[in-house]
Amino acid sequence: MRRGWYLLLILPFAGTLIPPLYNRASPTLFGMPFFYWYQLAWVLVTAALLGLVVELTRKDGDV
Amino acid sequence: MSSSAAILAIAVLAVTAMGFFAARWGGANLDNLEQWALGGRSFGTIVSWFLLGGDLYTAYTFIAVPALVYGIGALGFFAVPYATVAYPIALIVLARFWNVARRRGYVTTADFVRDRYGDRTLEVAIAATGVVAAMPYIALQLIGMRAVFAQFGTLGAGGSLPALTVAFVLLGAYTYTSGLRAPAMIAFVKDTLIYVAVIAAVVVIPARLGGWAHIFAVSQARLAQRLHPAAIYLLPSQYFTYATMAFGSALSLFIYPHAITSVLAARSRAVIRRNAALLPVYSLLLGLLALLGYCAVAAGIAVKDANSVVPLLFVRYFPDWFAGVADAAVVIGALVPAAVMCIGAANLFASNVFREFCPERSAVETLVAKLLTLAIAGFALLFIFFVPVPYAIDFQLLGGALMLQIFPAFVLGLWTRWFQPKALLLGWACGLAASCAMAYASGFAPNYTVRAFGGSLTGFIALYGLIVNLLVSTFATLLLRALRLGASIDSTTAGDFA
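As you go down the protein sequences, you meet chains C and W in turn. Number 30 in our numbering belongs to position 30 of the first sequence; there are no gaps in the numbering. Number 453 in our numbering belongs to position 453 of the second sequence; there are no gaps in the numbering.
Source of the hints: derived by calculation from the structure; they are not laboratory data. Backbone N, C-alpha and C fix where the C-beta goes; we use that ideal spot for every residue, glycine too.
Not the full set, but computed from the structure, chain C residues with beta-carbon under 8 Å of chain W:
hint, residue
1, I18
2, Q39
3, L40
These stretches of chain W come out as covered by chain C in the derived footprint (C-beta under 8 Å, 3 or more residues):
hint, segment
4, 78-88
5, 201-213
6, 227-235
7, 240-253
8, 263-276
9, 283-290
Construct all of the structure, not just a fragment, from the sequences and the given hints.
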């Protein structure tokens, strides 16, 4: 079932809308607290997931 | 005139010329509404990427998000999860809407609602919501521009109004002439300048301030000493606020008329789907800009109006000429969305209010839309002259809460005809009333504290309003169905959505 791939898109919601998961200082990256770089990282992860889902659910004739 | 002011003036004149020139793009007949308002529905992946990016990430975003982080710390960073989860929603909702809109020639969300529910009152309610929500949003673009103009000593805060007026009159003129093609063409310049300015800012400014670790440490200490203390992490009591602001804003982003207008200008469903995956690049930019708010805190910039922190950082850390480039990015960044917002609001009026008198699309309808674009731009300008800035921002927040109230009729309507139109109308009215009451009770803050069962939850008003709306729509539908009332005609077919 190709439409099942859309379920992957639940991940960004779970990853970013539950602040207690990431509301802390460490580990830092380039001096940036975890709270900040974690959420910035989700922007990229979400873009990648969207790219994957768009490709996997492509219909014939989509140009 | 300083070199930054000269560069800004040249950039604005250059994009004005582009705006007029855009009328020749594609050699279309601009008396046709779909040509004038939607660029002939011909934009491919790249043009759409620039246009949507230029349209959704407004100057106000670039000014206000850093200002918010500067002012309230971690809570202001909600814009990043907002600009993240908006895209999965966009992929699912917009691809489906694009299909039915293309199949049936819709220019607005209210066109769809009219066909889907066969209810004239609901159509006008949806259209009016869009127009009302767009107005303060356009006004905020002007506030973003004014924050830049006010930096120039020769102009000053009062003297920035003539510059603002000139820029907006030019905008009205080329939008009237070229329609959506003007902001689409200018978006290339805007987005390029924004990327250059932001990348330069996040490379240069943190390094000059001693690196991110130092910036966050200083910000933490300084925010705690403020009159209204803030922090670089959320308090547990802010978790719910943070999540509801992000989620509620994400739900409303793509139902604004300016977003819909740009989406319907896409050539194919695949263009929309691809852009859902490509547009988050702008969100990364937004996140980096948000952190400039902390750079301003660490740099010891103390201002009354937080909206000026970004232009002040440009002035302090960039050479004069490059500050001009960055300022031009913000000003052109305001012109692009303002033009699309004017077109989107005008479309709603021309297609869903005026069309009552004229059932077919016609050159007259296009002329009405063009004239309305001028009227809306003029009205937004007056708004800035007569409404103090803090109130303008309050209206924008309220506008967002109002916008979300079309969600059940429009977005849920893409999948189900279960709701009765009269029930949706009642739900819409109750959602609007509840949002306004909550906004008033909280002194026009974006959040409202609900107290029940001995606890309290502070959440985003727009989302609370939507919950009221959904509950009322559901119960009213059940009631109407039980009474066998309120049947209406659905002119769409299942095939229109596929």
